[in-house]
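Here is what each chain is made of, one letter per residue.
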Amino acid sequence: MFSYCTDPSTLDNLAWLSCYLTTGKHSAMYVSVFVVLLLLAITAPMALLFGFGAATASRSTILPLRWLGRAYTSIVRGVPDIAFFLFFVIALDQGFEWLRHKVKCPDWDEPIRRGVDFVVCDAAKLPLGNAPQWVHETYGFFLAVLTFAIVFGAFAANVMYGAMQTVPRAQLETAEAYGMTRRQTFWRVLVPQMWVYALPGLSNLWMVLIKATPLLFLLGVEDIVYWARELGGTQNPRFTDYPHGDWRMWYFLALLVFYLMFTKVSEVVLDRIMKRLTKGQATMGGEAQRKAAA
Amino acid sequence: MKKLVLSTAALALTAGFAMADGHGVVRLGTEGAYEPWNFVNDAGEIDGFERDLGDELCERAELTCEWVKNDWDSIIPNLVSGNYDAIIAGMSITAEREEVIDFTQGYTPPDPSAYLSLDAGVDLEGGIIAAQASTLQAAFIADQGWTLIEFATPEETVAAVRNGEADAVLADSSFIDTVVGTDGLVKLERTEAIGGGVGMGFRESDAELRGKFDAAITSMKEDGSLNELIAKWQVSSQW
Chain A
621 MFSYCTDPST
631 LDNLAWLSCY
641 LTTGKHSAMY
651 VSVFVVLLLL
661 AITAPMALLF
671 GFGAATASRS
681 TILPLRWLGR
691 AYTSIVRGVP
701 DIAFFLFFVI
711 ALDQGFEWLR
721 HKVKCPDWDE
731 PIRRGVDFVV
741 CDAAKLPLGN
751 APQWVHETYG
761 FFLAVLTFAI
771 VFGAFAANVM
781 YGAMQTVPRA
791 QLETAEAYGM
801 TRRQTFWRVL
811 VPQMWVYALP
821 GLSNLWMVLI
831 KATPLLFLLG
841 VEDIVYWARE
851 LGGTQNPRFT
861 DYPHGDWRMW
871 YFLALLVFYL
881 MFTKVSEVVL
891 DRIMKRLTKG
901 QATMGGEAQR
911 KAAA
Chain B
177 MKKLVLSTAA
187 LALTAGFAMA
197 DGHGVVRLGT
207 EGAYEPWNFV
217 NDAGEIDGFE
227 RDLGDELCER
237 AELTCEWVKN
247 DWDSIIPNLV
257 SGNYDAIIAG
267 MSITAEREEV
277 IDFTQGYTPP
287 DPSAYLSLDA
297 GVDLEGGIIA
307 AQASTLQAAF
317 IADQGWTLIE
327 FATPEETVAA
337 VRNGEADAVL
347 ADSSFIDTVV
357 GTDGLVKLER
367 TEAIGGGVGM
377 GFRESDAELR
387 GKFDAAITSM
397 KEDGSLNELI
407 AKWQVSSQW
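Chains A and B supply the protein sequences, listed in that same order.
Quick note, the first sequence lines up with residues 621 to 914 if you use the working numbering.
Quick note, the second sequence lines up with residues 177 to 415 if you use the working numbering.
Worth flagging that the hints you see were computed from the coordinates, not collected in a lab.
Each hint should be verified, as a subset may be incorrect.
[To be verified] Some but not every residue of chain B turned toward chain A, in silico, with C-beta under 7 Å:
| hint | residue |
| --- | --- |
| 1 | I252 |
| 2 | V256 |
| 3 | D299 |
| 4 | T354 |
| 5 | R379 |
Ideal Cβ positions, reconstructed from N, Cα and C, are used throughout, including at glycine.
Bound-form chain B, shown alone:
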């Protein structure tokens, strides 16, 4: 057994000696399950607003980028331990997350979150509200002291309302828009102003890379191409 461990370690040490030298490729981590921000299309590739945005940003910053799919729950730990170099996954900029990672400026303005329910007159305070785990919305409901049920993926939160397990979902308005109208689901009038815009996340020790993307976002804001992308995918209000 010892020999096996040693030889594995040796293999790991020598692997890639030939192709040394490396920050040529920037790896972008995303969830791939949050339409229209990021999702997996029919061809099995990452698609959506953030795909277009990320590709454009990389071109402007003259970087070669590669897309990596990662579970939402472990998306920050895997960034911090270096499995990829940036998070671009519809992640809102919050003070809590700022403690662990650094954000660029927001690439979408802060938008209110919306509720989705089967019944327009649902009682939110007394009902059960579904939200995706470790999101702003989940934290908000918990702070209100309402009954919260959390799910790993956005899809499951909506399924919970469909089958009656929850009375409403709280999520980004643009996500709610993608499912509203199906199976009698309605969007409530009430919205919650939470969140500080959506930005890309970087390791705190990676200020240089963050600076490059920050500059690229600024240039996209200035020439209006960011607004075009926002309009194309209907993810939020415009700048």
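Next comes chain A alone, as it looks inside the complex:
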């Protein structure tokens, strides 16, 4: 990176460190930080959407829809994350490829499953075999987002279902008395009020989600924990210009600080949201706010 980095063994501490921390390998770690943040930024709203959909379905008046919502929440919540990540993602990927295979290669006469091999025609491969590596990585990333969203969506669904049931019955009755339809009651009275009950549960989920990112490596997406282990491990002078001993402790310490700071920021933001949501609500928090203002 810097011009003086050509022979690191001659450098003193600070200059050496500046070279060491800007190697291509370290850049890969910095990129992975953004990958993780991007993943969280996309996954969280998607999981909320899945959760909201499933929670709404669970209290639907249409029986099959209710079954669907409840089946989704209970099945996904019951399966260990790691099993879900190893099994479901491969199944999802093969499902996509199978569909594409049916569409694109109708004349294919060989079997798709051969022993343990899963073979579809070249045109049905996802991503295509000759696609550049970044396409493969992006595809892997979106599979990861989808899987995280489905897993965390199920937990969010349960939280939101509970929150919807907690909204005081009197509020809904009043809405009905005013002549609102079921749909209007739902959107104008129930949904705006349920968030205050859902938020503590959702904020827990968010914290768990932040820490669940090492699962990404199972999907081939390299996250920060992977890089910390890789970079912190003993570096042999035969294979690197920057040999060092086992520095994993320092790398994990840096991770610790990163995660703690991230959690702190989350807490501050969540607190603010909570204050906003509490405003004017018929809860203890809302009452306290009203008294403080008066």
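Based on the hints, put chain B in the right spot on chain A.
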């Protein structure tokens, strides 16, 4: 939610319609954590004996190749499900693996595995031996009935000996050589003759591609360039 799933499926179906037609690129899967066979260099690229070897083989077979890094634990499942087309990761040819994937001929001869320890006189039978999970060496120790502790990466097996968690590591001799002498680590005299050489792994349904690489390995053996590479990286004995 249903709409979302449907539209994702539709997107996946249509993605890449434009750039159809495809085995132009052969994807090579490796671990990137097993010096000197394969590792990630300072620039963040795959490097090592197998990098040189794979690039040379692809040139001889007139294929365009691309390197993919994958965790050792899931390296075979990901080959089988088609995430890449070949494994080139210091993988020994064993009967167990032959049941799931097919190997080329070995590109390094079968070499004995060696022990690494802090104490040259360590008692292997009564001690705790570390090895990387799902390797020949781990299977060997388990068969002997000794106390085995497994780690996901080679690096962690050595760290376990350094901090006293394990008494010795059993691994490929060439890997042991990379760490011997640091922090008082010594290589034991005793070696174990396990393994049938190291080869590239392919899907069983991919015999054609395997044939191409097999031919390229033969040609490298014949003109001595394979021996040169082995000597350069000191990975094993020569042919």
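Comparing the hints with the structure gives:
1. Interface restraint check: B/I252 against chain A, minimum CB-CB distance 9 Å, threshold 7 Å, status violated.
2. A distance limit of 7 Å between C-beta atoms decides the matter here; for B/V256 the minimum to chain A is near 5 Å, and the interface restraint holds.
3. Because the closest C-beta pair between B/D299 and chain A is about 26 Å apart, greater than 7 Å, the hint is violated.
4. Interface restraint check for B/T354: the shortest CB-CB distance to chain A comes to about 5 Å, inside 7 Å, so the restraint holds.
5. A hinted interface residue such as B/R379 counts as satisfied when its beta carbon comes closer than 7 Å to some beta carbon of chain A; here the least separation is about 5 Å, so the hint holds.
Of the numbered hints given earlier, the model fails hints 1, 3; all others are met.
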